[in-house]
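There are 2 protein chains.
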Amino acid sequence: MMNTEKEIRSHRYCVIMCGGIGSRFWPYSRTGLPKQFIDFLGTGRSLLQMSYDRIRSVVPAENILVVTNEAYAELVRRQLPDLGDNSILLEPARRNTAPCIAWAAYHIKARDAHASIVVTPSDHLITREESFRDSIVRGFEFVESRDALLTLGIQPTRPETGYGYIQIGDEVEPGINKVKTFTEKPNVELAKVFIDTGEFFWNSGIFLWKADSIIRALHEHAPEIAQVFDRGAGHFGTASERDFIEMEFPGCMSISIDFAVMEKASNVYVETVDFGWSDLGTWSSLYDNSPRNSDGNVTQNCKVMSYDSSGNIFAVRDDKLVVVQGLNDYIVADAGDVLLICPKSEEQDIRNMVSDAKLKFGDTYL
Amino acid sequence: MMNTEKEIRSHRYCVIMCGGIGSRFWPYSRTGLPKQFIDFLGTGRSLLQMSYDRIRSVVPAENILVVTNEAYAELVRRQLPDLGDNSILLEPARRNTAPCIAWAAYHIKARDAHASIVVTPSDHLITREESFRDSIVRGFEFVESRDALLTLGIQPTRPETGYGYIQIGDEVEPGINKVKTFTEKPNVELAKVFIDTGEFFWNSGIFLWKADSIIRALHEHAPEIAQVFDRGAGHFGTASERDFIEMEFPGCMSISIDFAVMEKASNVYVETVDFGWSDLGTWSSLYDNSPRNSDGNVTQNCKVMSYDSSGNIFAVRDDKLVVVQGLNDYIVADAGDVLLICPKSEEQDIRNMVSDAKLKFGDTYL
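From first to last, the protein sequence lines are chains A and B. Residue numbering for the first sequence follows the numbering used here, beginning at 1 and increasing consecutively. Residue numbering for the second sequence follows the numbering used here, beginning at 1001 and increasing consecutively.
These are calculated hints, taken from the structure and not from any lab test. Note that this is a predicted model, so its numbers are computed, not measured. No residue lacks a Cβ here, since even glycine has one placed at the ideal position from N, Cα and C. There may be inaccurate statements among the hints.
[Unchecked claim] Sample of chain A residues with no beta-carbon within 12 Å of chain B, all distances over it, derived:
no.: 1; residue: L41
no.: 2; residue: R45
no.: 3; residue: E62
no.: 4; residue: A73
no.: 5; residue: R94
no.: 6; residue: A110
no.: 7; residue: E130
no.: 8; residue: S131
no.: 9; residue: R138
no.: 10; residue: L190
no.: 11; residue: F244
no.: 12; residue: S306
no.: 13; residue: G336
[As the list claims (entries may be wrong)] Here are the simulated lysine-lysine pairs, PhoX-like style, with alpha carbons at most 25 Å apart:
no.: 14; chain 1: B; residue 1: K1358; chain 2: A; residue 2: K320
no.: 15; chain 1: A; residue 1: K192; chain 2: A; residue 2: K180
no.: 16; chain 1: B; residue 1: K1264; chain 2: A; residue 2: K303
no.: 17; chain 1: B; residue 1: K1303; chain 2: B; residue 2: K1344
no.: 18; chain 1: B; residue 1: K1178; chain 2: B; residue 2: K1264
no.: 19; chain 1: A; residue 1: K180; chain 2: A; residue 2: K264
no.: 20; chain 1: A; residue 1: K320; chain 2: B; residue 2: K1180
no.: 21; chain 1: B; residue 1: K1320; chain 2: A; residue 2: K344
no.: 22; chain 1: A; residue 1: K320; chain 2: B; residue 2: K1344
no.: 23; chain 1: B; residue 1: K1303; chain 2: B; residue 2: K1185
no.: 24; chain 1: B; residue 1: K1185; chain 2: A; residue 2: K303
no.: 25; chain 1: B; residue 1: K1303; chain 2: A; residue 2: K358
no.: 26; chain 1: B; residue 1: K1006; chain 2: A; residue 2: K320
no.: 27; chain 1: A; residue 1: K360; chain 2: B; residue 2: K1180
no.: 28; chain 1: A; residue 1: K320; chain 2: A; residue 2: K344
no.: 29; chain 1: B; residue 1: K1303; chain 2: A; residue 2: K344
no.: 30; chain 1: A; residue 1: K185; chain 2: A; residue 2: K264
no.: 31; chain 1: A; residue 1: K358; chain 2: A; residue 2: K344
no.: 32; chain 1: B; residue 1: K1192; chain 2: B; residue 2: K1180
no.: 33; chain 1: B; residue 1: K1358; chain 2: B; residue 2: K1344
no.: 34; chain 1: A; residue 1: K303; chain 2: B; residue 2: K1320
no.: 35; chain 1: A; residue 1: K303; chain 2: A; residue 2: K320
no.: 36; chain 1: A; residue 1: K303; chain 2: A; residue 2: K178
no.: 37; chain 1: A; residue 1: K185; chain 2: A; residue 2: K303
no.: 38; chain 1: B; residue 1: K1320; chain 2: A; residue 2: K358
no.: 39; chain 1: B; residue 1: K1264; chain 2: B; residue 2: K1180
no.: 40; chain 1: A; residue 1: K360; chain 2: B; residue 2: K1320
Sequences and hints are given; from them, build the entire structure.
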């Protein structure tokens, strides 16, 4: 018996991960209101809301789950009021992506033994939504037809040193290849070589697989994590799931899914895509992805009067007026109780500033 | 019959002028809270309060008057709760210093025909209070013994181009000379010549005279103004003074006491003084007069973490944390709804920015 399109769609799930704290955008992004909850592009929708909107055309609304930290439960409910409480998984502790993805897979499988899943971060920017949708559908079809772990590789546009790279191996279907290697942040010379070969793609952090496939891979490559969730059998999807997670989740090792599974498994594939992706991981990438004023500045939620000033990014809350003269290529971020002024070229130092602020003032300004 | 010291003191009055709007310190100083009402040095007292405290040891409390704009009546009452309502003269319009000083003189004379008066701005800094007190007492004694208009001339310490200068003529008593010329803001070459001659002093805007003497001088040199207040005879010090002023004050010409009287009269003297004066008229003078952090920055009401940054002045309300890297010799002024960033060396452009902000946004950010 042929499955109808609707039946096929009904087994497709999306897991949106949004537990990060976004410290690289401090103080604009704060522990209390991280990056993914901010309307970064001034569109009226936060990055999380844009992620939700984007996946709605691929996956039924009731199959969209959000995994976040307990601290952000209210923020998620407010920003995504259509989500049922059963669709919000609240992590009692931060344990990186592998335990998060494992929990979501066990949870979904308990509900639907034939589930396939796309896992996506919530804080990325994707500009070509139609191309995104086609890529996700194509990815679902691929993983539903075999035992595969699929990652989306972004066509690189510059020798970026802040991303992970995926080297492609043999093509198995048009646009889908075996993965040859994963490489974490290369230096700029290596990144240039990567680009020139045409074999390397940026690791997007967007994954597709059947619930079955990822659970099998966890058993094989991260058994410590799989064992934790195996003990939860009978709890997932029931009233006792919450208690089980409160008790057991904090005991999981903290590790990314890339290290725990993707770099070890042999059934890993990459779908090469090009849908206008940016991880908005740095002020500079935000600057590059935002519309500029006629004077070459980027403004976030504020009015700017600039004189002899360009190349700046002004991220200022509450519709404030910024008046600036003789300032070029700076980040000016104002979060009400903290004002940061730093050259764009030195933004890697912001992490140290956050550490210093924590040492000096505790959690007050985090 | 000899007058006792107490009797002499009882005829001494002080007029503190505090109607200015302080636009040079925008946006830290705002139309709604001008410079003189701000605790600029973080001492717990505003510049106005410091002016009041300073004169209290020279003049009886009940003889201290404040002249301000109607808009600031509440601010004055809150900051100087000991002032009676009869001691606050509220100007219904801004008309520069001559009408302000004229009104105060007529008002005081109606109360005390033998009054002598010191007139002082409210937004200056004076660091050596004892020397200030001695200078004022000396000035009172001088003007009480003759028909004289006395101005205080500050020993200059640098070829400042933003001040007016007074050239001294013959000495009439130790430390008190006839005035030879008044010169408005000279260029830097001329200012250097002024300093070298030893004959030039900064015009402090602090004046002493008998009420009689200034009223006589107004009749002679600014009869249009004197006529207005002559019509008020019988109103000053009574319940109808307010109505009279509301009706007549706005019709006065707007002119400074320097132009209207001091530069024309022949009985003008200068007492040369040296009591640690600054007009705090510019961000740079505020920087020069404020204690610096170990990194060479000046902070107003905020905490600063600075990296590779010095020579800046941070004037930020509400105990905000400022984190700054790679910024040197800037003004960073944050007033809640406006943030200004401008090189110290270009602060003369701030006036234009205020004008632009008014054109673009009306009075919202003034």
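Hint by hint, here is what the structure shows:
no.: 1; hint: L41; in the structure: holds (21 Å)
no.: 2; hint: R45; in the structure: holds (25 Å)
no.: 3; hint: E62; in the structure: holds (44 Å)
no.: 4; hint: A73; in the structure: holds (28 Å)
no.: 5; hint: R94; in the structure: holds (24 Å)
no.: 6; hint: A110; in the structure: holds (46 Å)
no.: 7; hint: E130; in the structure: holds (39 Å)
no.: 8; hint: S131; in the structure: holds (39 Å)
no.: 9; hint: R138; in the structure: holds (45 Å)
no.: 10; hint: L190; in the structure: holds (28 Å)
no.: 11; hint: F244; in the structure: holds (41 Å)
no.: 12; hint: S306; in the structure: violated (10 Å)
no.: 13; hint: G336; in the structure: violated (8 Å)
no.: 14; hint: B/K1358 with A/K320; in the structure: holds (15 Å)
no.: 15; hint: A/K192 with A/K180; in the structure: holds (18 Å)
no.: 16; hint: B/K1264 with A/K303; in the structure: violated (49 Å)
no.: 17; hint: B/K1303 with B/K1344; in the structure: holds (20 Å)
no.: 18; hint: B/K1178 with B/K1264; in the structure: holds (13 Å)
no.: 19; hint: A/K180 with A/K264; in the structure: holds (11 Å)
no.: 20; hint: A/K320 with B/K1180; in the structure: violated (51 Å)
no.: 21; hint: B/K1320 with A/K344; in the structure: holds (22 Å)
no.: 22; hint: A/K320 with B/K1344; in the structure: holds (22 Å)
no.: 23; hint: B/K1303 with B/K1185; in the structure: violated (36 Å)
no.: 24; hint: B/K1185 with A/K303; in the structure: violated (36 Å)
no.: 25; hint: B/K1303 with A/K358; in the structure: holds (14 Å)
no.: 26; hint: B/K1006 with A/K320; in the structure: violated (55 Å)
no.: 27; hint: A/K360 with B/K1180; in the structure: violated (58 Å)
no.: 28; hint: A/K320 with A/K344; in the structure: holds (21 Å)
no.: 29; hint: B/K1303 with A/K344; in the structure: holds (23 Å)
no.: 30; hint: A/K185 with A/K264; in the structure: holds (18 Å)
no.: 31; hint: A/K358 with A/K344; in the structure: holds (22 Å)
no.: 32; hint: B/K1192 with B/K1180; in the structure: holds (18 Å)
no.: 33; hint: B/K1358 with B/K1344; in the structure: holds (22 Å)
no.: 34; hint: A/K303 with B/K1320; in the structure: holds (21 Å)
no.: 35; hint: A/K303 with A/K320; in the structure: holds (6 Å)
no.: 36; hint: A/K303 with A/K178; in the structure: violated (49 Å)
no.: 37; hint: A/K185 with A/K303; in the structure: violated (36 Å)
no.: 38; hint: B/K1320 with A/K358; in the structure: holds (15 Å)
no.: 39; hint: B/K1264 with B/K1180; in the structure: holds (11 Å)
no.: 40; hint: A/K360 with B/K1320; in the structure: holds (14 Å)
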